[in-house]
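Novice: Letter by letter, the chains look like this.
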Amino acid sequence: MTPHLFWNNKAFTYIVLSLGFSAVYALNNLLTAPLLLAPGAHLIHLPSGIKFLLVLVFGAVGAFSIFTVSLCAALGYYFTGNIPLSLELATANAVAPLLTRKFFIDHASLQENLNNLSWKTLLSMGVMFSVLNSSLNQLILYWNQVITTLTDGLQIMLIGDLTGVMLMAGLIRLFLYAFKPDTGQMTGIDKD
Amino acid sequence: MKKNYYINFLNLLKAFETSAIDAQLDSTCKLILEEIAIGVSNDKLLTVSDVMNLKQFGSPATLHRKLDILLDAQLVEATFKGSNRRTKYIDLTESGKAYFVRLSNAIQAVHSNGQ
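Here the protein sequences line up with chains S and V, keeping their order.
Residue numbers are given in this note's numbering: position 186 of the first sequence equals residue 186, and the series is strictly consecutive.
The number in this note's numbering is simply the position in the second sequence, starting from 1, with 1000 added.
Simulated from the structure, these hints should not be mistaken for lab results.
Certain hints may be false.
Said to hold, decoys possible - Heads up, simulated DSS-like pairs for lysine-lysine below, C-alpha to C-alpha not over 27 Å straight-line:
1) V:Lys-1014 <-> S:Lys-102
2) V:Lys-1003 <-> S:Lys-102
3) S:Lys-120 <-> V:Lys-1014
4) V:Lys-1014 <-> V:Lys-1030
5) V:Lys-1097 <-> V:Lys-1030
6) S:Lys-10 <-> V:Lys-1003
7) V:Lys-1055 <-> V:Lys-1014
8) V:Lys-1055 <-> V:Lys-1030
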């Protein structure tokens, strides 16, 4: 696999992202199974953070990867054989980060290539994505009578998405901070 | 321009690395901050009046507004010297010093990569 192919060939990008995301999704569900407190609602959901970042960078290709993985997970595991519900959930999972990205580009002057993306904007986007994602997912589950009360699942999933997004962002920032090369030379300004 | 995911990725990393302070500073703020830093490094702190007199960077009203941004961003602070409570001096805060250390490190990194 060459990096050039990954960054420039949409089909290849889609395949790699789908495989990568499905691995993370499966691992998260395995590790945080006790935290699945309501249908479709983990208390900590790291894939939400990854989902958000994937769509932020890869746009529609990232969203399509998420759609594919969500559809497979719903059809094959959570709601076996229920095609309409699986399609609805997969669409919601792909649309939530895509809508967040589009909203910030259209209404908050975010550039398409993220050139003016700041840490503050990133966190605001994370909050908007979490609200959208949890609302859409829980509304679909409620609409399809998988859950009977909307608020319980919504609260848990919102917390799960928020912690997932914030943990992911924090971990990446920590990683960059820890492994950033430090040349160690100071300017004359710091006189201490 | 054709969509380039790698550029998006680099910009995302940049957002993780830079603080919100960097994003809100425009070029005038940075020029004023540099003048203040030069004053600090020469042990000759600029006063608020000195900053207002940096006419090459803008009108006093603009300079005042930009100085407020720097104060709000906690990159600089207004201090008094001794018992003189009439003159306000502008000094770099720890964040302000860290900002220049970060710039210095970036230049060092570019320099060492070029060798």
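Novice: Taking the hints in turn, state whether each one holds.
Specialist: Going down the list of hints, with the structure as the test:
1. At roughly 20 Å between alpha-carbon atoms, Lys-1014 (chain V) and Lys-102 (chain S) fall within 27 Å of each other, so this suggested pair holds.
2. A hinted pair counts as satisfied when its Cα atoms are at most 27 Å apart, and Lys-1003 (chain V) with Lys-102 (chain S) qualifies at roughly 15 Å.
3. For the hint pairing Lys-120 (chain S) with Lys-1014 (chain V), the CA-to-CA distance comes to about 12 Å; that is within 27 Å, so the pair holds.
4. Annotation: proposed proximity of Lys-1014 (chain V) to Lys-1030 (chain V) holds, straight-line Cα distance about 19 Å (limit 27 Å).
5. For a cut-off of 27 Å, the pair hint linking Lys-1097 (chain V) to Lys-1030 (chain V) stands: about 13 Å separates their Cα positions.
6. Among the hinted pairs, Lys-10 (chain S) with Lys-1003 (chain V) is consistent with the structure: their alpha-carbon atoms are about 11 Å apart, no more than 27 Å.
7. For a cut-off of 27 Å, the pair hint linking Lys-1055 (chain V) to Lys-1014 (chain V) is broken: about 33 Å separates their Cα positions.
8. A distance of roughly 15 Å separates the Cα atoms of Lys-1055 (chain V) and Lys-1030 (chain V); the hinted pair therefore holds under the 27 Å criterion.
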